[in-house]
Amino acid sequence: MSEYFGVKVEDLFSTMPERFRPEGAEGIDASFGYDIQGEGKWKLTVKDKKIKIEKTPNLSGCVTVTTTDGETFVGINLGKVDAMKAFSSGKFKVEGDFGALAKTGKMFRKYVPPPRELTTKEYILDMFGTLEKRFQPERAEGLGVSIGYDIGGEDGGKWTAVIQGGKCAVKEGLAENLSVKLQAQATDWVALMLGKTDAMSLLSAGRAAVAGDAKLALKLGEIFAPYVPPGEKAAEQELIVLRKTISVDQKFATGPVMGKFLNGLKDKKIMANQCPKCGRFQLPPREVCAECRVRATGWKEVGPKGHLMVMDVVYYASPDPLTGETRETPYGSIHVLLDGCKGNETFWHLLRRDQVFQVKEAWGEEKGTRLRPVWAEHRTGSIHDIQYFEIDD
Amino acid sequence: MAHGKKNRNVGIVGIGQTQYSSHREDVNQPEMVQEAVRLALKDAGISIRDVDCVVHGNMELFEMVHQPDLWHVLGTGGYGKGGYRITTGGTTGSTLVAAADNLTASGMYDVVMAIGFEKLQEGHTTGGITNMADPLWARNLLTGALSGHTAARMIKEFGEDRAKRAAMTMRIIMDKHACLNPNSHRAFGLEFDQMESLMETSPRLVGDLRLIHMCSQSDGACALILAEEKRAKEISKKPVWIRDHITIHREETFNVFGLEPPESTHHFAARNLFERNGIKDPLEYFDVFEMYDPSAWWGVDWLRDFFLLEGDEHLKLVENKEVMIGGKIPMNPSGGVVAANPIGATATARVAEAALQVRGDAGRHQIPKPVRHALASGFGGTIWTVLFLLEKELTGWGE
Numbered sequence: 001m002s003e004y005f006g007v008k009v010e011d012l013f014s015t016m017p018e019r020f021r022p023e024g025a026e027g028i029d030a031s032f033g034y035d036i037q038g039e040g041k042w043k044l045t046v047k048d049k050k051i052k053i054e055k056t057p058n059l060s061g062c063v064t065v066t067t068t069d070g071e072t073f074v075g076i077n078l079g080k081v082d083a084m085k086a087f088s089s090g091k092f093k094v095e096g097d098f099g100a101l102a103k104t105g106k107m108f109r110k111y112v113p114p115p116r117e118l119t120t121k122e123y124i125l126d127m128f129g130t131l132e133k134r135f136q137p138e139r140a141e142g143l144g145v146s147i148g149y150d151i152g153g154e155d156g157g158k159w160t161a162v163i164q165g166g167k168c169a170v171k172e173g174l175a176e177n178l179s180v181k182l183q184a185q186a187t188d189w190v191a192l193m194l195g196k197t198d199a200m201s202l203l204s205a206g207r208a209a210v211a212g213d214a215k216l217a218l219k220l221g222e223i224f225a226p227y228v229p230p231g232e233k234a235a236e237q238e239l240i241v242l243r244k245t246i247s248v249d250q251k252f253a254t255g256p257v258m259g260k261f262l263n264g265l266k267d268k269k270i271m272a273n274q275c276p277k278c279g280r281f282q283l284p285p286r287e288v289c290a291e292c293r294v295r296a297t298g299w300k301e302v303g304p305k306g307h308l309m310v311m312d313v314v315y316y317a318s319p320d321p322l323t324g325e326t327r328e329t330p331y332g333s334i335h336v337l338l339d340g341c342k343g344n345e346t347f348w349h350l351l352r353r354d355q356v357f358q359v360k361e362a363w364g365e366e367k368g369t370r371l372r373p374v375w376a377e378h379r380t381g382s383i384h385d386i387q388y389f390e391i392d393d
Numbered sequence: 001m002a003h004g005k006k007n008r009n010v011g012i013v014g015i016g017q018t019q020y021s022s023h024r025e026d027v028n029q030p031e032m033v034q035e036a037v038r039l040a041l042k043d044a045g046i047s048i049r050d051v052d053c054v055v056h057g058n059m060e061l062f063e064m065v066h067q068p069d070l071w072h073v074l075g076t077g078g079y080g081k082g083g084y085r086i087t088t089g090g091t092t093g094s095t096l097v098a099a100a101d102n103l104t105a106s107g108m109y110d111v112v113m114a115i116g117f118e119k120l121q122e123g124h125t126t127g128g129i130t131n132m133a134d135p136l137w138a139r140n141l142l143t144g145a146l147s148g149h150t151a152a153r154m155i156k157e158f159g160e161d162r163a164k165r166a167a168m169t170m171r172i173i174m175d176k177h178a179c180l181n182p183n184s185h186r187a188f189g190l191e192f193d194q195m196e197s198l199m200e201t202s203p204r205l206v207g208d209l210r211l212i213h214m215c216s217q218s219d220g221a222c223a224l225i226l227a228e229e230k231r232a233k234e235i236s237k238k239p240v241w242i243r244d245h246i247t248i249h250r251e252e253t254f255n256v257f258g259l260e261p262p263e264s265t266h267h268f269a270a271r272n273l274f275e276r277n278g279i280k281d282p283l284e285y286f287d288v289f290e291m292y293d294p295s296a297w298w299g300v301d302w303l304r305d306f307f308l309l310e311g312d313e314h315l316k317l318v319e320n321k322e323v324m325i326g327g328k329i330p331m332n333p334s335g336g337v338v339a340a341n342p343i344g345a346t347a348t349a350r351v352a353e354a355a356l357q358v359r360g361d362a363g364r365h366q367i368p369k370p371v372r373h374a375l376a377s378g379f380g381g382t383i384w385t386v387l388f389l390l391e392k393e394l395t396g397w398g399e
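Chain order of the listed sequences is B and R.
Residues in the first sequence are numbered consecutively from 1, following the numbering used here.
Residues in the second sequence are numbered consecutively from 1, following the numbering used here.
The following block holds chain B by itself, in its conformation from the complex (with noise of 0.2 Å):
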């Protein structure tokens, strides 16, 4: 059986005794036949404001016959075909009693198709083909830049959206130079689009990639309007997001007792402070030893050079809270046993970017690699005095 305008003639038949209006089939006692060339021929029997409708080859005591073929029938059902037009040209016969069949067009709702699950590929097609209307230029002023969608899975497929002047254009196949390059299987890409999912969901699970700018992926949401799919309409009302930025400007006051390891760092010195009960360092030093809980009042210059403890070596590019920049990645954040400390009395710093994966860390018996210090020059008495440390060779 074919589907025309994507409605099966069978599914206006079967869903005749749902669109049944008693009301309009007030006086109305007889049968009426379809013949729908190449479907079949239904039967609909109209008494005491009842109906019964059968799919039956006999269509004898039937009032009137009506024969056309299917494309006809359900395009005048949908109101995609003009009635008069096939009636005239002959498309659409009708055999008896003219009349009779009239009165029967008060008698049905009209047939609303369900809305219909498209499949992934009809969905792919239809996202990458609103891509161009769904760009918004106001939102992306001054960009110019060219996506990549590298769409995996039998029903994906790979386009490129170049966004330049204000307009946006949308190719079959992957450009050279990309800015940015997203992938995911077509499956996952119709759930992301559709709301079902998210991307760091994808991401986290490894079935989506971003490869190049990816604060320019993060934008895509901003720069296109949501997709919605054919048929459906969009949100009655934006659901407005309102964006903040938060950019203070903070000072904060560090007291004698870490004012004077600060100082220390404007001479070169690294200064630990010292418990009198347990005797432990405190790198940077605090006012009292918080297992003791005694002030801490003994001094001594540690270091500077030590051995490396532990290091996280950090892919992640997280944002610098004090510059908002983005660190550059991988970098490998160090806690260092200085000379002339023991135990836990590590110090927490930074190593040099090109040195991450040369060092070792200590483990048991086996010292980490040694390490040195890289003053910055001029020192204000601030974590920066020190840039890094690096391998002490």
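Accuracy of the hints is not assured; some may be wrong.
Unchecked claim - Keeping only pairs whose Cα atoms sit at most 25 Å apart, straight-line, the calculated DSS-like set for lysine-lysine is:
(1) R:LYS156 - B:LYS196
(2) B:LYS181 - B:LYS196
(3) R:LYS176 - B:LYS360
As the list claims (entries may be wrong) - Quick partial rundown of chain R residues pointing at chain B, CB under 7 Å, derived from the structure:
(4) THR143
(5) VAL206
(6) GLY278
Stated by the list, open to error - Covered stretches of chain B (in silico footprint by chain R; criterion: 3 or more residues with CB under 8 Å from a CB of chain R, positions within the stretch not fixed):
(7) 6-12
(8) 336-346
Read the hints as simulated data drawn from the structure, not as lab findings.
Note that CB positions come from ideal geometry on N, CA and C, so glycine has one too.
On the provided structure of chain B, position chain R as indicated by the hints.
Just chain R, lined up with the frame of chain B:
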């Protein structure tokens, strides 16, 4: 440790959780909080008029909203009631339940509602956590809650292959649990045969901590209603009794990277809590454990601390899938924090999910054996611990 006995018994009588998700642009903060509050009231079968006090919490640095408890009054129903705001970073969600328990046990209020929430999409989570560190030194060095230290230590202790497999086994178990929980933010449908591929392909965050191991950034709210014994029995057919809870913080400067790492706060909390409650063998005693597991690596590692285990006993629990629903000690039947992490609500949800298990009302992720004793943990800051003991029966504790 000095520890007073409870003045009155306190039971959990109402539990409400929103769907956890990264897509809550459809509601503002008070509207989202209200969803959890309504569910908790419905669960308890009481009205907001029956609640005497509201304890409200999240982490201000994430959304940068000062006094959200005042903004949220329309959603919390706190108008005209006693009210407290709790904000202790990651432990907020459990600290506010601890506070609600103390407020009820003290006799100050008979019925207290604890509400944890977060809309992490409205701020910058890692930036927020980084700014939590002391501004004189650590703020310049921290990368949110991300650390590869535990992974590196486990790899050194147990070998690369065994350690990585244990972490990924834990991750896949958590995902299988998450798939059973309709409130999960992340439920991927991972299979054990994807282990090798995930171990290699998931993007690295820090060292061997990969994106797949790490918890999500979720939006959501969780509300619990607590009542003193008499009211609890009137309100609920099966109140879940809060037997005890403990909070352990360490000095805020990390001192765990040296040659002699001190006893972890998790171990200290568990040891003291079990000792004062006469629990000699925690692995035998507890039927279920809801752990605040920010990553799969920590999930595995902390099992050793919380159950006072030795050597590789914790690894075996994971390798033999004893932490899976149906195993000896199911951990996070809810899917845990890697499945949903609305930070201010995350630790509240651990208590909520443990309580649902005790009640037998967890639905598809209910564990198959009867649950009499449950453990729930909270985590935050420089390894802070809050630990809850929940009981089905009011009597016979410690037997």
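Hint check:
| no. | hint | result |
| --- | --- | --- |
| 1 | R:LYS156 - B:LYS196 | violated (40 Å) |
| 2 | B:LYS181 - B:LYS196 | holds (22 Å) |
| 3 | R:LYS176 - B:LYS360 | violated (37 Å) |
| 4 | THR143 | holds (5 Å) |
| 5 | VAL206 | holds (5 Å) |
| 6 | GLY278 | violated (29 Å) |
| 7 | 6-12 | violated (count 0) |
| 8 | 336-346 | holds (count 6) |
Hints 1, 3, 6, 7 from the earlier list are contradicted by this structure; the remaining hints agree with it.
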